[in-house]
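Keeping their order, the protein sequence lines are chains Y and W. For what it's worth, the numbering used here labels the leading residue of the first sequence as 1, then goes sequentially. For what it's worth, the numbering used here labels the leading residue of the second sequence as 1, then goes sequentially.
No lab work stands behind these hints, which were simulated from the structure alone. There could be a bad hint or two in this list.
To be verified - Cβ-to-Cβ under 10 Å is the rule here; a few derived chain Y residues that face chain W:
| hint | residue |
| --- | --- |
| 1 | THR22 |
| 2 | ILE25 |
| 3 | SER49 |
| 4 | PRO71 |
| 5 | LEU77 |
| 6 | GLN86 |
| 7 | LEU90 |
| 8 | ARG150 |
| 9 | VAL214 |
| 10 | ARG217 |
| 11 | ARG221 |
| 12 | TYR224 |
Note that the structure is a prediction, hence the values are computed from the model and not measured. All residues carry an ideal CB built from backbone N, CA and C; glycine is no exception.
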Amino acid sequence: MIRLEEVTKIYGRDTVAVSDATFDISKGEFVFLVGPSGSGKSTLLRLMSRQEVADEGDVWVAGRNVNEMSPSRVPHLRRLLGNVFQDYKLLTNKTVFENVAFALEVIGKPRHVIAEQVPLVLDLVGLSGKEERFPHQLSGGEQQRVSIARAFVNRPLIMLADEPTGNLDPATSEGIMALLAEINDTGTTVVMASHDHRVVNAMRRRVIQLDRGVIVRDQERGVYE
Amino acid sequence: MLTRIGYALRETWASFRRNLTLTMAAVLTSAIALLLVGATFLIQRAFENLLVQWRGDVAMIVFVRSDASPEQVDLIDQTLRASPTVIDVDKLRYLDKAESYAEAQRIFVGDPVTLSLLTPETIPTQFKVVPRSDDPALVRSLGEQYRTLPGVEAVALAEDEFEVISTLSRFVRTVTLIMSLILLVVAVGLIWNTIRTAMFARRREIEVMKLVGATNWFIRVPFMLEGLLQGLIGGVVACGGVWVLNGAWTNGVAGFKPGTGISSLIVPGGYLGGVMFALLAIGALIGAIGSAIAASRFLDV
């Protein structure tokens, strides 16, 4: 599903964000990218969604060579991905329903599909009954659930989550992780960057550890060390 | 498809209201620029009426009495052709009664009194003389001679009637053209800035749209429509302005004494319609250009 071959990404002249990274992620896997801030976790996610382009090596996502993709094809790649962020990136002037519907609206889905899919996914993330709330009327955990709903509503092949529990307390984080696990159980590949030991250790999934842009460990059913 | 059009229109309208001050500035600047463009067209057209009889380097017109005999006309023609060093005989033209009458219709367009006195029978015919020499004194002295020929009603020299107006017309055209061009560029810049600001105000939405896979065109279209609309509204305002100005001018001209050149300075309704259509088109164009530049440059927010 995702394959990186000797990928290097350098910001500016000499800030090496990722160095010679190679790994494979199969369909349906749940993978943690771990490491301290600045170790290159986010950059790896951004390379997969082509918010960044690698300086060296190849990035393959869902059978597409992301590096060589023409800019006009990028939107089609992004429709196969769901992105979740630490700061949720919700639109504050839109309701919960509208935030999720927005993701379908802007890729041209017809109204009846939106009317059908949005309640389904809001139910999945446990926000039924809060459709008309605005983001500021929700707790952090609930806002992150909206964000996950928005990322998942188009049934992506892959979920890319960048520190989704970074702003949440442990109990709330647990709920978010349970939700991501549930989404993973539907066959969706999940790649999650995190430096939250508790979350990583509780899940016991594959762990890829980075240190200053270099992969130092790739372990099945690993823990944060 | 319908969802997309609906989306684009909704977003355009919402953004329009959000940025009301900037939008007004862009619209008004476009309107003033376009008004000047329109005025340039109209002034030009009005002067053309006045200058129509001197078109093609004509420097002297010999008017022939309407009751002159064919022999007298022939004599004048021969006399004119007898000075090939001063007169360009190849370009010598004789306008018969029908042609002279048609021309008078344009010259006296704003002077119904004079126009009603003219009939195709009573109108003087005319020789249009293009000089070969650059020396106006030479042309003038020839004119003095022709004045005494039998059948000649009058001799008019461009130097006396035309040159001041011609120079004035060229000057006015140059000034208004330069001013309107500058203002058009300013209008494009203001529309560009309005759209840029609108995009900046919505950078979070644009970021989300890009992340969930909206195409660049989908993101751009509402902004480009917004710019197009601003230019178009400017065009509509300018059309109204041109229409009002022309009406006031036409009324004012009607008050002048008949027989003065001023009464020629009138623009026919069909031409005014054409100018208004052109203003709408130019307005839409500057809007499209301004917003297209902004939308393609500031998508990476």
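Status of the hints after comparison with the structure:
no., hint, verdict
1, THR22, "violated (26 Å)"
2, ILE25, "violated (20 Å)"
3, SER49, "holds (7 Å)"
4, PRO71, "holds (8 Å)"
5, LEU77, "holds (7 Å)"
6, GLN86, "violated (14 Å)"
7, LEU90, "holds (8 Å)"
8, ARG150, "holds (7 Å)"
9, VAL214, "violated (28 Å)"
10, ARG217, "violated (29 Å)"
11, ARG221, "violated (31 Å)"
12, TYR224, "violated (27 Å)"
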